[in-house]
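Trainee: The lines below spell out each chain.
There are 2 protein chains.
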Amino acid sequence: MKNAVGREIPDQLLGEGKEVYQGKGYMDGKYFQKATPRTRRYETPQESKIVQSIREACEKCGAHDGMTFSFHTEFREGDYVASMVAKVLIEDMGLKDITVAATSLGNAQDNFADYIEQGKIIGVQTSGVRGRIGEVISAGKLKTPAIIRSHGGRPRAIETGDVHIDIAFLAVASSDCCGNSSGIGGRNNCGSLGFAIHDTHFADHVVIVTDTIVEYPNLPSSISSIDVDCVCVVDEVGDATKISTKEARMTDNPRELMMAENVANVIAANPYFKDGFSFQTGVGGPSLAVNRFLEKHMLEKGIKMSFALGGTSKAICDLMDKGLVGRILDTQDFDQGAIDHIFKNPNHVEIDLSEYANPANKGAYVNKLDFVVLSALEIDTNFNVNVITGSDGVLRGAPGGHPDTAAGSKCCIIVTPLTRGRMATVCKDVVTVTTPGDCVDVLVTDYGIAVNPLRQDIIGYLDEAGIKHVTIESLQEKAYSMIGTPDDLEWEDDVVAIVEARDGTILDVVRKIKPMELD
Amino acid sequence: MKNAVGREIPDQLLGEGKEVYQGKGYMDGKYFQKATPRTRRYETPQESKIVQSIREACEKCGAHDGMTFSFHTEFREGDYVASMVAKVLIEDMGLKDITVAATSLGNAQDNFADYIEQGKIIGVQTSGVRGRIGEVISAGKLKTPAIIRSHGGRPRAIETGDVHIDIAFLAVASSDCCGNSSGIGGRNNCGSLGFAIHDTHFADHVVIVTDTIVEYPNLPSSISSIDVDCVCVVDEVGDATKISTKEARMTDNPRELMMAENVANVIAANPYFKDGFSFQTGVGGPSLAVNRFLEKHMLEKGIKMSFALGGTSKAICDLMDKGLVGRILDTQDFDQGAIDHIFKNPNHVEIDLSEYANPANKGAYVNKLDFVVLSALEIDTNFNVNVITGSDGVLRGAPGGHPDTAAGSKCCIIVTPLTRGRMATVCKDVVTVTTPGDCVDVLVTDYGIAVNPLRQDIIGYLDEAGIKHVTIESLQEKAYSMIGTPDDLEWEDDVVAIVEARDGTILDVVRKIKPMELD
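Going down the list, the sequences are from chains A and B.
Using the numbering used here, the first residue of the first sequence is number 717, and each one after it goes up by one.
Using the numbering used here, the first residue of the second sequence is number 717, and each one after it goes up by one.
One or more of the hints may lead you astray.
Identical chains share a label here; the pair holds if one copy fits it or two copies do between them.
[As the list claims (entries may be wrong)] DMTMM-like mimics (lysine to aspartate or glutamate), calculated; alpha carbons at most 25 Å apart, straight line:
#: 1; residue 1: Lys1184; residue 2: Glu1208
#: 2; residue 1: Lys836; residue 2: Asp1209
#: 3; residue 1: Lys1038; residue 2: Glu931
#: 4; residue 1: Lys836; residue 2: Asp968
#: 5; residue 1: Lys1060; residue 2: Glu931
#: 6; residue 1: Lys1017; residue 2: Glu763
#: 7; residue 1: Lys1144; residue 2: Glu1180
#: 8; residue 1: Lys836; residue 2: Glu963
#: 9; residue 1: Lys734; residue 2: Glu763
#: 10; residue 1: Lys990; residue 2: Glu732
#: 11; residue 1: Lys1060; residue 2: Asp1037
#: 12; residue 1: Lys812; residue 2: Asp727
To be clear, the hints were calculated from the coordinates, so they are not data collected in a lab.
Quantities reported herein were computed from a predicted structural model and do not represent experimental measurements.
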C-alpha cells in the first residue's frame, strides 16, 4: 500500500493497529491508554541497592531469553555501558533472542554487530544506526526488521506499548547507593540525561551503571531512586575524550559561512523572528555558524530568544550568558562547555525525550518551536528528507529529532550543500524518507534557496525582504547537471528496516541492498 | 475477620484483592502492573491551553456524572480551588455521583459537606477529614464509606489502580500558557507542589488553575506542560493569609519544652544519631522545639544531618543555612520562611508524594529515614496510634505521612501529653488505628517515656544513656487514674470510613456514631 509520501509499504507490515503514514497531524486528538511497567514493591527499607556486578544486576532483575533491553546514548561515541552489558547478557549469561531498544546505536556498540550476525540479537529499535551495526542490518543479518524511530517517536512508542522495555541499563555520571542519578558529579560527565529519564518510568526494571558513587542523597538528580532496582559500579562508564568534544571550532569554509548567513537571513525575514522567538540548531558545519549570524540580527533588532531547544553546544550557552537567550531546554550536551553550563544556571534546564518531542503527549516543546535549522543527507523535489541511508543504500545515519522538530516548528530550514563528493544532495527521490516533505519549509544550499510551495506565506516574506529563491526542481537539475543523473540503487525484496513516522505509522522501509557485482 | 492489629473488618469489605492488614512489610517484593491514564494525543501544535472558565475546562476534559476528580492541598486552609471547582461541577453543570480524591480535606472545602448531604458527592478518598466534612461523614451521610489513606498510600492506590482519577484540578501559584507550573512566582505562593505532581502522571485529564500567568516557558517547573490539558485563570487561587503562617513561635510552655528536650535526648542516645543522620518532624507544640534541642546535640557531637524530610518549616531551613543540614526533601511548606527558601537553595529539593512515602515504588525516602517525631490523638498499650478520630468518634484528623514515616524510619518517636482536657491520650484501645503499633518505637509524654518491647535495642540504648523509661501500661494507668476510665463509645453497624494501611490492606473501619441520648 502506498503512503502519503508515495512509498510502497508491504502489506505484511500492516494491520494490528499499524497503518501507513497519512500526513502530518493524522493522530492528533486520538485517545490512547498509556502502557505501563510491571514493577516490584520495595516496602521494606533497603540500606543500599548496590550490586557487585552487571551480572548480579541482570539476575536480580530476572534477565532471560527473549527480553527487550534499553540503553541510552548521552555518552555518545564514548559510551562503554551498552557494549559492556550486552557482553554480559550474551557471552557470560548465554541469553538469546534479545531485542535492543536504544536511543541510538553507533561505533561504541560495534559488538552488537557480532551478536546480530550470531543471531543472539534478533531485534533492534533505535534512532541511529551507524558503523558496523548499520552494515550488518543492511546486509540482512538481523532476524526481524530494525525499527527506526525519531527521538519523539521513541517515547511515543514506549507509551503506546509498541515497545515494552524489560530492563533499562542506564549509564550515569554519578549515583548514590539508591539510584538517585545525575549526568554530572562523576569522573565522566555527560550533562543532560534527557535520553535516559523516560525509560525509568516505563521499564519493568531499571539498572543504574556508574563509575562514581556519591553520598546519599544525590540531589538534585535527573533519575529518581524510586524508579531504580539496582546500582552497579564499573571502572569507567565511558571514554571521556569521546563523550564530549572541545568546543566545535566555527567553520572558516566560505561556502558554509555563506549558507549559514543565508539561513540567518531567511529566519530574520520571517515575522516569527521577534522578541521571544524560539530556535533549535545542530552542531558542526554551517549549523553552528548560524548562531553567530543570528546574534547579529538579534542585536540589530534588539530582540531576545525565549528558548533554545534540543542538543546543546557551548555556542548557545554563550548566547545565554550574553543575555540573549531566556531558557535552554537541553536533551543532550555536545561539548564540554555545555556540560559545564547545564546545572550551574537554573535557566539551562534538562528535559526528557517526551517533553522534547513526543507527539502523543499533551504538547511537546517542539510544538512551540519557531525555527529549526537541520541538515540532510538528501532532500528530494517533494521536500522529503533522508537522514538514515547513504547513497549506497546502507544504513548510516539517525533521524534523531529531525522529523519531530520539522513537524512541530513554524519554520523548518534544511541547510545542505547541493552536492557532496559525487552525490547530488538535492534529488528526484530520496533513497529513504525519514522526514516527510509536508514538514519541511525552506531549503538553503550553496547554489540557492528554495521554499516549499505549501508555504506561500514564507515565499511572501522572502520576496518582501528581497531574498532570492528558486524552485527546488531547478536546484535538483543543477545538481544533476554537475554530477550526472544518479543510477538507481538495486534492492532485494527483504525489508531490513522500517522507518516509523513519529506518530507510529510507517513512513518508509529500507530493503536489503543487492550485493554489487564486480565487472 | 480480625486483622494484625486486632480490628474486626467486615467480610463485605474484603475480596477482589482487598485483604485485612497483615503486619509491616507484608506486600514487600510483590510485583504489580502499574495503572495508567487514558490520554489525548496533542500532535498538532497549540499556541495556548488557556480556557476562559473552569466550566470550559471541565467540558473540554469531558466531565460527566460518576467521575472521580482530584485536588491537592498545598494551599492548605487558604485553598479556594477545590471548593470553586466542585461548585461549577455540581451547581453549574449539575453533575452527580461524584467521587473526590484529595490529598486532604478540611474547612476550606466546607461546601463538600453540603454536596455529600445532597447525595451529589458519593465517594471521598483522602488523607485528612476535618471540619464539617468529617461531621457529615461520621453521621453516615456519604453514600459509600470514605477511604482514608496516608500520603504514601495515595500514590500507591493510584498506581495499583485502586483509584483512577478522571480529571485532576491542580491549583498552582504560577503557570505559563501551556501548563508549566510552579508553587512560586505568583501572587499566592505555596512553595512545594509535592502533593500535586504525582496526579499529573496518572490522571486522564489535568486542569491547571492559577491566578498568575507568566511568560512561556515557566521553567524550572514542578508540573510539566506535557501532562496538562487546560490552563484556567481565576481571580485568586487562595487566601494568602491562610496558605502560609508566619514562622511558628517556639513554644514557651515548660511542659512542652521538657517533652521536646526528652525527645532530643532519646534521639541522641541512639547509635543512628551520627554524622549523616536523617530526620523528620512536624510543626507546632513540642515538635518544632525538638529542632532547637537537636541542634544543641549536633553541635556538641560535631555532626550534621544528611537530610530533613517531609513538610517543611523555617526552623529546618535555618538549620540548613547554618550548615547543619545537607538536603531538605520537601513535600509541602508550612510557613512563609520555607516558601521563600525552597527554590533559592538547590539543596532544598521538592519531592512528590510517591518519592516521599509510596510503599509500592522501588524505595521511598521514608525508607531512608533514621528518626521521625510524630504526634498522636491517642496511643494504646499496643503502641497503635490514632490520628483520625476524636474521643467522640467523629472524623477530625489526618494520617498524612504518619503511618509511612513510622514504618520506614529506624526510630519512630511519638510525643504527646498524657492527657488532653478530659481525655486520656495513652489508653487501652485507640478508637481507630491509623498507624499500627509494630511501626511505633518510643513514646515520650510529660509523665515519662515508654519503649515498644519489640525494640529491645532501643531499650538498651536508653539504659546505657541513663534515660529513664517505664512501661506503656504504667503510663496508661497513670492517665486513667488522673482522668478516670473513659466510657466506651457507642457505634451503629454502618461503616462510614475505611482506614487503609499504606500497603492497601484494611487497617481499621470507622462506624457511624450513635446519636447521644440526652437524659
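Trainee: A separate judgement is required for each hint: does it hold in the structure or not?
Mentor: Checked hints:
Neither within a single protomer nor between protomers do lysine 1184 and glutamate 1208 lie at most 25 Å apart by alpha-carbon distance, with minima of 43 Å and 87 Å respectively. Taking the closest pair of Cα atoms, lysine 836 and aspartate 1209 come within 25 Å of each other only inside a single copy of the chain (24 Å); across copies the shortest separation is 63 Å, beyond that limit. Taking the closest pair of Cα atoms, lysine 1038 and glutamate 931 come within 25 Å of each other only across two copies (20 Å); inside a single copy the shortest separation is 35 Å, beyond that limit. In this assembly of identical chains, lysine 836 and aspartate 968 lie within 25 Å of each other by CA distance neither inside one copy nor across copies; the values are 46 Å within and 72 Å between.
With identical chains, the CA atoms of lysine 1060 and glutamate 931 are at most 25 Å apart both within one copy (20 Å) and between copies (22 Å). Proximity of lysine 1017 and glutamate 763 under a CA criterion of 25 Å is satisfied inter-copy only: 24 Å between copies versus 57 Å inside one chain copy. For a Cα distance limit of 25 Å, the shortest separation of lysine 1144 from glutamate 1180 qualifies neither inside one copy, at 29 Å, nor across copies, at 87 Å. Within a single copy, lysine 836 and glutamate 963 get their C-alpha atoms no closer than 39 Å, and across copies no closer than 63 Å, so neither meets the 25 Å cut-off.
With identical chains, the CA atoms of lysine 734 and glutamate 763 are never at most 25 Å apart, being 46 Å at best within one copy and 30 Å at best between copies. In this homomeric assembly, lysine 990 and glutamate 732 never come within 25 Å of each other (Cα to Cα): the closest approach is 46 Å inside a single copy and 59 Å across copies. Within a single copy, lysine 1060 and aspartate 1037 get their C-alpha atoms as close as 12 Å, and across copies as close as 20 Å, so both meet the 25 Å cut-off. Proximity of lysine 812 and aspartate 727 under a CA criterion of 25 Å is satisfied in neither setting, with 29 Å inside one chain copy and 48 Å between copies.
Consistency note: the structure conflicts with the earlier hints numbered 1, 4, 7, 8, 9, 10, 12.
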